[in-house]
Amino acid sequence: MSFLEHSLDPKNGPRLRSDLFPFAVSIHHPEVVSKASPTTVVFRVRPEHVRVFTEPRAEAVEGRILRKFGGVAGQYLVAIQLQDHVVWAKVPSRLGCRLQEQVWFDCPPEAVILF
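Numbering-wise, the working numbering puts 41 at position 41 of the sequence shown, and it's gapless, one number per residue.
Quick caveat, the hints were computed from the structure, so don't treat them as lab data. Here the structure is a predicted model, which means the values were calculated and not measured. Heads up, a few of these hints could be off.
Per label pair, the in silico range of CB-to-CB distance [said to hold, decoys possible]:
hint, residue 1, residue 2, range
1, Met1, Ser93, 18 to 24 Å
2, Ala73, Gln102, 39 to 45 Å
3, Pro108, Thr39, 19 to 25 Å
4, Lys11, Arg67, 36 to 42 Å
5, Arg94, Leu114, 29 to 35 Å
6, Leu114, Gly74, 31 to 37 Å
7, Phe23, Lys68, 16 to 22 Å
8, Glu59, Pro14, 46 to 52 Å
9, His49, Arg17, 32 to 38 Å
10, Ser93, Thr40, 21 to 27 Å
11, Lys68, Ala111, 17 to 23 Å
12, Ala24, Ser93, 31 to 37 Å
13, Gly13, Glu101, 32 to 38 Å
14, Gln102, Ala36, 23 to 29 Å
We treat Cβ as the ideally placed atom computed from N, Cα and C, and that holds for glycine.
Modelling step: build the complete structure from the supplied sequences, incorporating the hints.
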């Protein structure tokens with residue numbers, strides 16, 4: 001599981017730029033975006049809810065493999081360094097064994113839980 005801190009400035013409205021996404025995302029939590037001063041929010045991302053690719057994709061951000069672990073049922077657990085955060089992903093063994101240093105990470109916004 002990845003827990004990622006982000007700073008949210010209300011003067012930017014409900015839009016947040018994050019290294020998780022190649023685009024700004026809208027935050028639909030009035031209790032967070034209605035604050036008068038910048039606040040820290042934490043995103044939770046489950047490793048089985050993201051996708052990893054070996055080639056560039058428009059919906060993905062570039063990352064670098066830090067570690068790979070062979071896991072349960074032949075899956076790999078992979079630590080990926082994004083621009084500002086380290087995230088974890090579960091990938092099938094046929095992909096995990098082929099991953100080199102450079103990868104592309106796709107996290108659908110609906111897979112993120114905001115704390």
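Verification of the supplied hints:
no.: 1; hint: Met1 with Ser93: 18 to 24 Å; verdict: holds (21 Å)
no.: 2; hint: Ala73 with Gln102: 39 to 45 Å; verdict: violated (26 Å)
no.: 3; hint: Pro108 with Thr39: 19 to 25 Å; verdict: holds (24 Å)
no.: 4; hint: Lys11 with Arg67: 36 to 42 Å; verdict: holds (38 Å)
no.: 5; hint: Arg94 with Leu114: 29 to 35 Å; verdict: holds (33 Å)
no.: 6; hint: Leu114 with Gly74: 31 to 37 Å; verdict: holds (32 Å)
no.: 7; hint: Phe23 with Lys68: 16 to 22 Å; verdict: violated (28 Å)
no.: 8; hint: Glu59 with Pro14: 46 to 52 Å; verdict: violated (21 Å)
no.: 9; hint: His49 with Arg17: 32 to 38 Å; verdict: violated (21 Å)
no.: 10; hint: Ser93 with Thr40: 21 to 27 Å; verdict: violated (37 Å)
no.: 11; hint: Lys68 with Ala111: 17 to 23 Å; verdict: holds (21 Å)
no.: 12; hint: Ala24 with Ser93: 31 to 37 Å; verdict: holds (35 Å)
no.: 13; hint: Gly13 with Glu101: 32 to 38 Å; verdict: holds (37 Å)
no.: 14; hint: Gln102 with Ala36: 23 to 29 Å; verdict: violated (41 Å)
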